[in-house]
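**Student:** Can you make the complete structure from the sequences, with help from the hints?
The numbering used here numbers the first residue of the sequence shown as 24 and each following residue consecutively.
Worth flagging that the hints you see were computed from the coordinates, not collected in a lab.
Just so you know, nobody snuck in bad clues.
Using 20 Å as the maximum straight-line C-alpha spacing, the simulated DMTMM-like pairs for lysine to aspartate or glutamate come out as follows: (1) K216 - D131; (2) K78 - E214; (3) K216 - E73.
Across the chosen pairs, the derived CB separations fall in these ranges: (4) V320 - K428: 19 to 27 Å; (5) V320 - K414: 21 to 29 Å; (6) K185 - R475: 37 to 45 Å; (7) I419 - K185: 55 to 63 Å; (8) R475 - N406: 40 to 48 Å.
All residues carry an ideal CB built from backbone N, CA and C; glycine is no exception.
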Amino acid sequence: MGAQSLAVACGALALCLTLAGATNPGFVVRITQAGLDYAHQYGITILEEELTHVKLPDISGDFRIRPVGKVRYEFSSLDLRSFHLPYSRISLVPNVGLQVSIANAFADVNGNWRVKIHFLRDHGSFDVTVENVYIKINLKLGNNTSGKPTIDTSYCNTRISKVRVHFSGRLGWLYNLFHKAIESKFRKILESKICDIVAKSVRSNLQPYVQTLPVTAKIDAIAGVDYSLVGPPTATTQSLDAAMKGECYSLAQRSAVPFSPLALTLPPDHDRMVYFGASSYFFNTASFAYHKAGALVFEITDSMIPKTLDFHLNTTTFSAFVPQLEEKYPDMQMKLRLSAPSAPFLNIGPGGLSLKPVVDIQAYAILPNSSLAPLFLLSLTGNVSAVINVKSGHIIGNLTVGRMKLSLKHSDVGTFQVRTMQSIMNIFASSILIPRINDRLGQGFPLPLLDRIQLSNILVQFHQNLLLLGANVHYQPRV
Numbered sequence: 024m025g026a027q028s029l030a031v032a033c034g035a036l037a038l039c040l041t042l043a044g045a046t047n048p049g050f051v052v053r054i055t056q057a058g059l060d061y062a063h064q065y066g067i068t069i070l071e072e073e074l075t076h077v078k079l080p081d082i083s084g085d086f087r088i089r090p091v092g093k094v095r096y097e098f099s100s101l102d103l104r105s106f107h108l109p110y111s112r113i114s115l116v117p118n119v120g121l122q123v124s125i126a127n128a129f130a131d132v133n134g135n136w137r138v139k140i141h142f143l144r145d146h147g148s149f150d151v152t153v154e155n156v157y158i159k160i161n162l163k164l165g166n167n168t169s170g171k172p173t174i175d176t177s178y179c180n181t182r183i184s185k186v187r188v189h190f191s192g193r194l195g196w197l198y199n200l201f202h203k204a205i206e207s208k209f210r211k212i213l214e215s216k217i218c219d220i221v222a223k224s225v226r227s228n229l230q231p232y233v234q235t236l237p238v239t240a241k242i243d244a245i246a247g248v249d250y251s252l253v254g255p256p257t258a259t260t261q262s263l264d265a266a267m268k269g270e271c272y273s274l275a276q277r278s279a280v281p282f283s284p285l286a287l288t289l290p291p292d293h294d295r296m297v298y299f300g301a302s303s304y305f306f307n308t309a310s311f312a313y314h315k316a317g318a319l320v321f322e323i324t325d326s327m328i329p330k331t332l333d334f335h336l337n338t339t340t341f342s343a344f345v346p347q348l349e350e351k352y353p354d355m356q357m358k359l360r361l362s363a364p365s366a367p368f369l370n371i372g373p374g375g376l377s378l379k380p381v382v383d384i385q386a387y388a389i390l391p392n393s394s395l396a397p398l399f400l401l402s403l404t405g406n407v408s409a410v411i412n413v414k415s416g417h418i419i420g421n422l423t424v425g426r427m428k429l430s431l432k433h434s435d436v437g438t439f440q441v442r443t444m445q446s447i448m449n450i451f452a453s454s455i456l457i458p459r460i461n462d463r464l465g466q467g468f469p470l471p472l473l474d475r476i477q478l479s480n481i482l483v484q485f486h487q488n489l490l491l492l493g494a495n496v497h498y499q500p501r502v
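**Tutor:** Here it is in structure tokens:
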């Protein structure tokens, strides 16, 4: 093989390995510019507070001024009384992350000063007015090994255009002799300290907060959901997207999912502050997890039949459909065991969310000694649609049953006409099974939300392979 052919082969192999290692997300969170602007308000408030508590070092030095001679000075007890950030904005910068620009900021500093000229000494207080402060901060976004988001300062630059110092005291006039040098020192110290405080605030406030985003969340006693990031959040000109695994799993024993997520693309909607994109993979892994855990099994007995239904679950009722029951198991209670032979998979399309589950219905007669005698095994297939909403930070659902079809898989009591039993099985499914499932779906799937975030103005849309939820956010501070 020639060198050129070898290079082509190696390149193709590298491409295949890259594609094989690529992971499509099952869930995507998108933060729009409106959402970033909302978060930015709180971030700037915290930064103002942090800058107000900047500890400035004492300043000392000496000058030789004609005809006075050597002047020794010292500035101490520097107190930054206030720092105001009246104008700032946050921007999305592709391939960078987030950029915060602050303009026309201003601050006030006071402190004490001492001066020594030969044998002459004096002291007093001073005030510093700092104006036209410009700060530019780049924030780099990433994810750690556990899949949690990370954020750090990748660049910070501060420029101060104007510093004015006013002295009090008998020798305050000396200030006019070396004010430029003193103001230059104040400028350099403040410029350095501001970026130090920015980096510290990001590490001590912003980084811990973004890590309140849950990597895993418990759905119930049976299953949980994995929201770990599959890569660093990506910034576009209009939004910040976080791609997540979006995979549900059994809490008892997590096992590999035998199918993979399809590519997930969110539509270019930006009316809400945040969007959540859940693929069919997200919901189907939940179905797989519950089926694997044996949770998709339901038993129906006579005591569970609503009082409004004028029949009982016993062989007397079913002998109208299966005449052999009256002879073999006269006047006995019955039990129906409903189970899914395989995990039901749903489809998400522009028309909504739907699935076509297959349910096995095993009928038993309850003998006088409480043991069970198998009667027959039916297969029930049907069309089920779902209504989706968001409540208290959870995706909730409600199923509605459409047309159902019944067929006989096996009988221990001889043949009979299944068609005549169709209506009563429809009643069992719609009046008992579906309400129980809806009770569970009403508890919902927890959304990946940062600490103390509440959602409002919910939008629900269906696209191909995508349930899109849009919302505005409200941050609830701790009392």
